[in-house]
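Q: Sequence:
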Amino acid sequence: MTDYNLATLLEDSAAAHPDRDAIVLGATRLTYAQVDGAANQVAGLLASRGIERGDKVALSCPNLPYFTIAYFGILKAGATVVPLNVLLKGREVAYHLADSGAKAYLCFQGTPELPIGQEGHSGFQATESCEHFLVITADPAAESPIESTETMGRAMAGQPPTFASVATDEDDTAVILYTSGTTGQPKGAELRHRNMRDNALAGADLFGADAATPDTYLCVLPLFHSFGQTVIQNGAFAFGGTVVMLPRFEARPALELMLEHEVSFFAGVPTMYWGLLGALEDGVDVSAIAANLRIAAAGGSALPVEVHKDFEKRFGVTILEGYGLSETSPVASFSRLGEPVRVGSIGTPIPGVEMKLLAPESWEEIEPGGPAGGVGEIAIRGHNIMKGYHGRPDATAEAIQDGWFRSGDLGRKDDDGWYYIVDRSKDMIIRGGFNVYPREIEEVLLTHPDVSLAAVIGVPHESHGEEIKAVVIRAKDATVTEDELVAWGKEQMAAYKYPRVVEFVEALPMTATGKILKRELS
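Read in order, the letters of the sequence shown are residues 2 to 523 in the working numbering.
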């Protein structure tokens, strides 16, 4: 079915709204016709180099128009996009290229974090497994910074702005998204064209997207990640919206862009909302931003209740919290627009998706109020579930059974079918035989006036097995001490829950997607 190619999201909007702004980056504005034409040139270039339906093409690029153009160009050529985290080093890039079997690699040059930095060659050895390697330069006419290599801009210059997209089946793999690899080597989740297309359409529909009155989206979520791809890029393109790009999230510039471009749709992870609230002290015109902001969506990790309440108070917009994973394209559930939001809930399954709770280490379903207080591992089934892990049939069989995907996240469900994340199953702390969920402790800590942000982890203990430790960023001008915070926690929480160890830090380690990197805490 050719019309199931994910690239039709761009093609249909380009046909219906050719002169409408598709992407804005600083002073650069690209219409849908321009983005579609440039993507056609990329597709023509790849086809001329022998890239065929089903071939894998890796892409390293921050939030710049080049990402979107290359992304849809790869899809138009019938190939599979393998977006790579821009923070990967050369050795890690080499692993992803080899594991995915990428036949070509497109990499942006220009920032030190990327495998091809300003100096040129740090990750170049990683490309030896690829038949084709093209450098994306900020100036399309520039020469390659690496000897004996080509730039994508020069290579596609002779290609026409028209291209007949390769026919793809709905079950062809459109994108391979690599998991974070917290429990071993990263695995590539194979997502079909229908997985990604239907998820983008379902999500946009939930948010009330309308091509007649399109939204302006602020893109601060990394496009190499499923949240940014589906909810921002693909969701916007499905209904002719405008994507305002910010290559790297910084709170104050994000607020300025929201004001300048009258942004109506913002989506981010919890730490981004925390950052926006912290930047309001600098005299930002919140009322002007709030006047245009129609949708505020959160996902990626659990949104602290205090952050949720504070944002609604300051901006007058209730955050719609959702849930999903790379393996689920990613959206599985969301709070519903127009319905009373239950703060702390990830909502209900989106149309076409089912969710249930499983007992530990089995596929047996548990019911609310059952053993362990009705807490179980969230399982998901529907149009959004991946084809499987690329080249890993055993891992696929372990994660998926009868169409149900095990998420690794612990949750509970209320009597009305709304779900709540309790914690990651791997983050759960067992102290003296009691199960302790770090997110619950973090929520309590955030109610302390001197605590700005907190991450709770388990550390080894001789008699209890694990002890509870809180790593805390103090609020501005706060002076709370470790002993004072421990004593306060003792008053607020059961004896087996409150943290006995507190460490104050200036910043918490985070992934490129803005999630707190707990494995780097100790």
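For the record, the hints were derived by calculation from the structure and aren't laboratory data.
Nothing here was measured: the structure is a model prediction, and the numbers come from that model.
Hints may be right or wrong, so weigh each one.
Calculated lysine to any residue pairs in the SDA-like style (CA-CA distance at most 20 Å, straight line) [said to hold, decoys possible]:
#1 491 <-> 477
#2 491 <-> 502
#3 491 <-> 436
Q: Taking the numbered hints from earlier one at a time, note which ones the structure violates and give those numbers from smallest to largest.
A: Checked against the structure, the only hint that fails is number 1, while the rest are satisfied.
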